[in-house]
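Visitor: Sequence:
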Amino acid sequence: MKTVIIKFTLFIFVITLGVLSGGYLALTIGVPHIDQIKGYIPVDGTTVYADDDTVIGEFRIEKGEYVKFSDIPENLIRAIVAVEDSRFWMHQGIDYIAIVRALVQDIYAGRIKQGASTITQQLAKVVFLSPERTITRKLKEATLALRLEQSLTKEEIIEIYLNKIYFGHGAYGVEMAARAYFGKPVSDVSLAEAALICGLVKAPSRYSPYVNLDKAKQRQYIVLKRMEDEGYITAEQAAEAYEKPLYLSSAKYKKYTPDYFLEYVRKYLEDEYGVEMTYKGGMKVYTTLNRNMQIAAVNSLKNGLMNLDKRQGFRGPLRHKEIDL
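Here the sequence shown is numbered in the working numbering, starting from 18 and rising by one per residue.
Any given hint could be a false lead.
Stated by the list, open to error - What follows is a list of derived Cβ distance ranges for each label pair:
id	residue 1	residue 2	range
1	K261	E287	43 to 51 Å
2	Q329	G200	43 to 51 Å
3	E91	L163	47 to 55 Å
4	V72	N316	15 to 23 Å
Unchecked claim - Straight-line distance between alpha carbons at most 20 Å, and here's what the computed PhoX-like set of lysine-lysine pairs gives:
id	residue 1	residue 2
5	K201	K261
6	K242	K232
7	K85	K181
8	K232	K155
9	K261	K234
10	K142	K201
11	K261	K232
12	K301	K319
13	K142	K219
14	K155	K85
15	K181	K171
16	K232	K181
17	K327	K181
18	K327	K297
19	K85	K242
20	K261	K242
21	K234	K219
22	K297	K319
It is worth saying that the hints were derived from the structure and are not from the lab. Built from N, CA and C at the ideal position, the CB exists for glycine as well.
Work out the full structure: start from the sequences and follow the hints.
Guide: Here's what the structure looks like:
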């Protein structure tokens, strides 16, 4: 009888070990290896400039303009930590205390009200995993978050995170966000501006100052209050930053992209230097395009075509062609 019990126990142990091993292997499939994470280097694309040295377009695989941790203002780093993951510097990728706190709040609210994803988990989701919402994906996210914490420093995690997340209006990363909203490099943003930018992460469209300035200010206040609660700034600094006027960039409303001209430039570069160099070579291309003259020419053509249709009426398509797919 004793022998049977021992054999049965060993059988259960082997089965359990097999299930756990299989589950772990299933979770690690598609999750980047540590060496791949350590070797993550952003790819520089090609930047195209007009005749006044302003950017008119980019050819790149990855979106955004990468900035180093040392070039990001301390107040912006403090703001994102305060509002997104206050225990970032203490946990190892997963904040179990935040998970319990969120669960309690959700139970009291009767619905999912409080999130518990750390900055590391958000980075895992944004950079390395698919956007699908499944339990398996969430478990892979947690697995990768632990790997990220083992292979990267906290500063490296914050650096990649702030360069990859979306801030609305086509801005990927804090450098693009600073230029899109305030017309300046991220290294020059003030405390008030940093708080507004970091407040956008939760819902870029809802809290955009271009869409609803009141909601943007409400979110900015929350970020500043969190910074105060965490001891990053004083109550006086928070109040002063909140009362400070925001001078939004007009570039968002004046944005014009000469797509067909950029297509000509892209084709020329690919023919001359190849696809690899065009999208990964970090080239800077200065053209003779004059923005004002180009816009005037495009508007003139549009008006001319509209007037022609008014005089002659819509003449219909030139030809009908059946296409078998």
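Visitor: Next step is simple, just say for each hint if it's right about the structure.
Guide: How the hints compare with the structure:
1. In this structure the supplied range 43 to 51 Å holds for K261 paired with E287, their Cβ-Cβ distance being about 46 Å.
2. The given range of 43 to 51 Å is respected by Q329 and G200, whose C-beta atoms sit roughly 44 Å from each other.
3. Hint check: E91 to L163, Cβ distance near 27 Å, so the stated range 47 to 55 Å is violated.
4. Between V72 and N316, the C-beta spacing of about 22 Å keeps the proposed range 15 to 23 Å intact.
5. About 17 Å separates the Cα atoms of K201 and K261, which keeps this hinted pair within 20 Å; it holds.
6. Restraint check for K242 and K232: the C-alpha separation of about 15 Å stays at or below 20 Å, so the hint holds.
7. Only pairs whose Cα atoms come within 20 Å are accepted, and K85 paired with K181 is accepted, the gap being roughly 12 Å.
8. For the hint linking K232 to K155, the alpha-carbon distance of about 30 Å lies beyond 20 Å, and the restraint is violated.
9. Using a Cα cut-off of 20 Å, the hinted pair K261 and K234 holds, with the two alpha carbons roughly 11 Å apart.
10. Distance check on the hinted pair: K142 and K201 sit about 29 Å apart at the alpha-carbon level, beyond 20 Å; violated.
11. Of the supplied pair hints, the one linking K261 and K232 holds, its CA atoms being roughly 16 Å apart against a limit of 20 Å.
12. For the suggested pair K301 and K319, the alpha carbons sit about 31 Å apart, so the restraint of at most 20 Å is broken.
13. A distance of roughly 14 Å separates the Cα atoms of K142 and K219; the hinted pair therefore holds under the 20 Å criterion.
14. At most 20 Å may separate the alpha-carbon atoms for a hinted pair to count; K155 and K85 exceed this at roughly 29 Å.
15. Our distance criterion of 20 Å between C-alpha atoms is met by K181 and K171, whose separation comes to about 16 Å.
16. Between the alpha carbons of K232 and K181 the distance comes to roughly 24 Å, so the proposed pair goes past 20 Å and is violated.
17. Pair hint K327 plus K181 does not hold up; C-alpha atoms about 47 Å apart against a cutoff of 20 Å.
18. Between K327 and K297, the direct Cα distance comes to roughly 47 Å. Violation of the 20 Å bound is thereby established for this hinted pair.
19. With a C-alpha separation of about 27 Å, the suggested pairing of K85 with K242 is violated against the 20 Å cut-off.
20. Distance check on the hinted pair: K261 and K242 sit about 15 Å apart at the alpha-carbon level, within 20 Å; holds.
21. For the suggested pair K234 and K219, the alpha carbons sit about 14 Å apart, so the restraint of at most 20 Å is met.
22. Of the supplied pair hints, the one linking K297 and K319 is violated, its CA atoms being roughly 35 Å apart against a limit of 20 Å.
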